[in-house]
Structure formats: C-alpha cells, structure tokens
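Here is how the chains run, residue by residue.
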Amino acid sequence: MTASLLAVDLPYWAQSMFRVLGGTVAVLLAAGSIVYLFLFKMMSFMQSRLGPMEAGPYGSLQLFAEVGKWLQKEDLSPERADKRIFKMAPLIVLVSTFLLVAVVPFGPDDYFTNFDAGVFYMLAVSSISVLGILIAGWSSANKYSLLGGLRAAGQLIAYELPMVLAVVGVVIQAGTMNMQQIVVAQNTGEIFGWGGIGNPYVLTQFIGFLIFMIAVQAELTQAPFDMPIAESELVSGYMTEYSGFRFLIFFIAEFATVGVFALIASALFLGGWGVPFSWFGWDSIDSIDNWMNVAGPLIMFSKMLVLAFLIMWVRFSYPRFREDQLQRFAWKVLIPLALINIMFTAVLKVML
Amino acid sequence: MTKPKVPGLFKGLGVTFHTMAVTIKPKKYGGGAATVQYPREKESPPIRARGVIALREDNCTACMLCARSCPDWCIYIEGHKELAPPRRAGGAPRKVNKLDRFDIDYALCMYCGICVEVCPFDALFWSPEYEYSEPRIADLLHDKTKLGEWMETVPEAPELEAGAEKKKK
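Chains as they are written, first to last, in the working numbering: chain A, 1 to 352; chain B, 1 to 169.
Here chain A stands alone, though its shape is the one from the complex (with noise of 0.2 Å):
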C-alpha cells in the first residue's frame, strides 16, 4: 500500500512490514479514539458528568494510565480452568479482529489486500470471534462464564445471517464482492441518473444499512444486545475470569471490532475512502490523483467515528433485551426484513 506513495519498489518483507504496521494502527487507533471520545468522553457527557479529567488535559491520557493498570495486574486463571485454551482465547477474538482488517480498503492504493471475494472473506472472518468467546466461556470452568459463552454462541450465530442477507443487497446493487470496487460504484454510480453524490447505498438500501447496523450492534454485544457479558446477572459472562491483559485483549478487541465494523460499515454503505468521482472529473479508479492516498483514510476515519458515534449512542440509550426478544427480533423481523430488501433489491437491479 505504501509503495506507490514513497514512489519506491520495496521488497516483499519491506511491503509485509508495513502492512503489520499498518494494520495495527488502523485497529489500535480506532479502539483507542473510540474508548477516549465514546466510551469515556461521551458516555459521561450523555450522563451529565465529565468523565475523566485529571490524566493529561480534559483526561486524554487516561487511556494509558488504564492500560497501565491492567498490565500491572495478576494473570490469574481458575483452578479448574483449562489454561491453554483459557489462555488462548482472547488472543483468538483479537485476531480475527485484526484478520477483519484486512479487506478494508482506505484509498485507492492503500489497502492491505485487494481481494476479490472481500465481503465473503469479512463475513467469514467476523464469526471466528464466536469461536474465541465460546472457549472463553467453556474454559472458564465457571457456570456464569458458560452461560455468557453460550448466549454470546447464540446471539452471534443468530445475527450472523440477517448481517450477511444486509450485505448481499449491496452486493447485488455493486455487482462485485470486492470491497475496493463496492467503493469505487459507489462514488462512480447515478441515482436514477443523476451522479451528483455518487451514489451511496445507505440511500438505495437504508433498509440494508439498518439492518447491518442492528446486526454490528449484536454481534459486537453492545447494549442494547448485550445479554451475554450482562454484568448484572452474569458478571460479564465470559469476561469473568479473566484479569491483568488477558481482559485488557478482550477489551481491546471489543472496540477495536467497533471501529472495524464501522469501517467495514463506511466502505459498504457510505462510500469509503472515496469523493464522488465526478467532483474532481475522474472516471476510474485508474485517474484518480494521488492525494486521495493520503486523504481517503482521513475520510475512512471520519466516517467510522460517526459510525461508531451511533452505535455507542444506541449503547448507552437503550436497556438490555431479554434473550427471548433477543432471538425473537432476529428471526421474525430481521431475517424476513433482509430476504425481503435483497428480493427488492434483484428485482430493481434486473428492471433498471
């Protein structure tokens, strides 16, 4: 990705390191700007306090002096735990945020992999996370943990598919599963013939966006989905045992898959990195000026934080479902809803 802005041919192991390099700054830079302004900043605001304000100016150091904390921690595992797997687990959800990352395109020549079959690969991907979790759960040897473990199994499972059936009406409208080009038909595409804006498809399909929104917001186990780390009945479910890093991974990995979701988010349905083309009088991809390299993550990273500006917002609004309305919401309304928008979405594809 970085070759073609140093204008250097750089060997394999060279591109490979900045990718990693990369990656981790996408992923670590979105958890830790959404923890600060979401999790600590707004959070309080919309609770009419001011949240931390001692570390650093308006608290903006806090972020550290909590991780400072948590590595200075005990890392603890029950007696009764199964310690490799226990041990492995978050590192499991981690990872398969970091794999997320991966399709993501942030410009036009900054991306990790340009990989046709993207929005498979990323569905595909988002659920080894339920994997993680679900051997947190059962290797706690706590029954809470396996409780938590067990309804994060069922939710995640459960809002896997209207996610998947949101995605394929954009993939049906773009005509590709390849997340850069999803991107590129969005800034080159008409509505109804006019090409002003481009075309992104939270307006063509809102139904969709909705749905991959409340989906993201389940799979994530945000509030108001969040039965299964329910602190005040299952003291954070499969969270519970762990202390020191182990946890400070799971947390990581809880928002870094926020801003990932909200970026993956941006790239479907509010144009990624791009302008629309005509603005500047390019046609393809191919003539886009080089600026756009450095411009399109800064657009990519505004768009997230208003993504996940929402779902923090719903998170702290609404109070918990019960699991029963839980799996209820999800197969009689959201699941039909999405067969529903993708039959629309074919049937208007063919017409027009």
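These aren't lab readings, by the way, just hints derived from the structure by calculation. Computed from a predicted model, the values in this text were never measured in an experiment. Heads up, a few of these hints could be off.
Here's a subset of chain A near chain B, in silico, CB distances under 7 Å, partners left out [as the list claims (entries may be wrong)]:
| hint | residue |
| --- | --- |
| 1 | PHE18 |
| 2 | PHE45 |
| 3 | MET46 |
| 4 | SER48 |
| 5 | ARG84 |
Per label pair, the in silico range of CB-to-CB distance [as the list claims (entries may be wrong)]:
| hint | chain 1 | residue 1 | chain 2 | residue 2 | range |
| --- | --- | --- | --- | --- | --- |
| 6 | A | GLN72 | B | THR35 | 26 to 36 Å |
| 7 | A | LEU71 | B | THR35 | 25 to 35 Å |
| 8 | B | LYS42 | A | GLY68 | 21 to 31 Å |
| 9 | B | LEU13 | A | TYR12 | 23 to 33 Å |
| 10 | A | GLU74 | B | TYR130 | 26 to 36 Å |
| 11 | A | GLU323 | B | MET64 | 52 to 62 Å |
| 12 | B | GLY12 | A | VAL333 | 47 to 57 Å |
| 13 | B | ALA157 | A | PRO78 | 56 to 66 Å |
| 14 | A | ARG322 | B | TYR38 | 17 to 27 Å |
| 15 | A | ARG328 | B | ASP139 | 54 to 64 Å |
C-beta atoms are modelled at their ideal positions from N, C-alpha and C, and glycine is treated no differently.
For chain A, the structure is supplied; the task is to place chain B on it using the hints.
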C-alpha cells in the same frame, strides 16, 4: 392510551443527546455537568447533613445511653464520679459524673444518628463536616477533644416552625 413504540425509541436517543449537549455547553450559558470536580470545587452539604458527630463535653453525664444504643458499638465511654461543691451553703456535696474518655470510632460508625437522638442532655450534635478521612484507619477513632472541636462546625439549630411546641426546660 397506547403510543406507538418507534417514537419512544427515538425519544430515548433524544434524551441522551440532549443531556450530552447540556453537559458540553459552558457553565455561563446554563450548561455543565451535574457533578462537581471534588478536590478543586466543593459541594456545600445541606445544614442537616450527617457528616460527623460533635460532642459538647459539659453536657455529657456519662450516662452511657448512646454507647448502649449504638448498633455498631463504636462509642467508648469511661467516667468516674466526683464530688462537687454543694449548690447551697451548708448542703451536702453533689456527686457528678466526669468523663475520662469519649471516643467514637468512625471506621465502625454507620451514621445512623441513634446516639444523637437518644442523648437526654443535648451533648451530641450532627455536623455537616465530611472531610476527615485518614491514611491510617486507627486515626478514625476520634477522642473527646477532637469530637469537641467538631462543635465549631455544628450549624445553629433552625428556627422552630410557627405554632410548634416549645421545648420544656
């Protein structure tokens, strides 16, 4: 009257957003948080707040009612009898109780206020003072001099309401 569900959802979002906007707004425009940044700004508690218990030593007769009624057994009283000069010339000397020790252990106290209620001689008072935390837990045992110093922070008793029964002397 049944209201549709969806507007309720948006109303909920509106409440949190409005609270956020008010909290971000500067104080001079009527915004600001409901909380106080404690060590720098201080809240003034209401005058009848239960902060700390003060002792007026002269009124205490070491009758032990407070110590006996304390649910936590956190009041320690020791006293002895002394002979005081008689009230009238030629009378027998009076016996009075003298306090040797009056400690309240605030590490145990649960601020129920039963001792203040039960004291027959108005020797115990509530004070709204609350900043007396200590680095060592043993220092939370306040002796009678320290309890006496709290008397300065006890607010004046509020005026009785019109028509209230006057206290009999």
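Cross-check of the supplied hints:
The interface hint given for PHE18 of chain A is broken, as the beta carbon of that residue sits about 39 Å from the closest beta carbon of chain B, more than 7 Å. Checking PHE45 of chain A against chain B: minimum C-beta separation of about 4 Å stays under 7 Å; hint holds. A hinted interface residue such as MET46 of chain A counts as satisfied when its beta carbon comes closer than 7 Å to some beta carbon of chain B; here the least separation is about 4 Å, so the hint holds. Given hint, SER48 of chain A at the interface with chain B, holds; its Cβ is 4 Å from that chain's nearest Cβ, closer than 7 Å.
Look at ARG84 of chain A: its Cβ only gets to about 43 Å from chain B, farther than 7 Å, so that hint breaks. Range check, GLN72 of chain A to THR35 of chain B: about 28 Å between beta-carbon atoms, so the 26 to 36 Å window is met. Look at LEU71 of chain A against THR35 of chain B: about 29 Å separates their beta carbons, and that is inside 25 to 35 Å. The hint said 21 to 31 Å for the Cβ distance between LYS42 of chain B and GLY68 of chain A, and at roughly 30 Å that hint holds.
Taking the beta carbon of each, LEU13 of chain B and TYR12 of chain A are about 48 Å apart, not inside 23 to 33 Å as hinted. At roughly 35 Å, the beta-carbon separation of GLU74 of chain A and TYR130 of chain B lies within the given 26 to 36 Å, and the hint holds. Take GLU323 of chain A and MET64 of chain B: their Cβ atoms lie about 57 Å apart, and the range 52 to 62 Å holds. In this structure the supplied range 47 to 57 Å is violated for GLY12 of chain B paired with VAL333 of chain A, their Cβ-Cβ distance being about 19 Å.
For the pair ALA157 of chain B and PRO78 of chain A, the beta carbons lie near 57 Å from each other, so the given range of 56 to 66 Å is met. For ARG322 of chain A and TYR38 of chain B, the Cβ-Cβ distance of about 38 Å falls outside the hinted range of 17 to 27 Å, so the restraint is violated. For ARG328 of chain A and ASP139 of chain B, the hinted distance range of 54 to 64 Å is satisfied, since their beta carbons lie about 58 Å from each other.
The structure fails to meet hints 1, 5, 9, 12, 14 from the earlier list, while all remaining hints are met.
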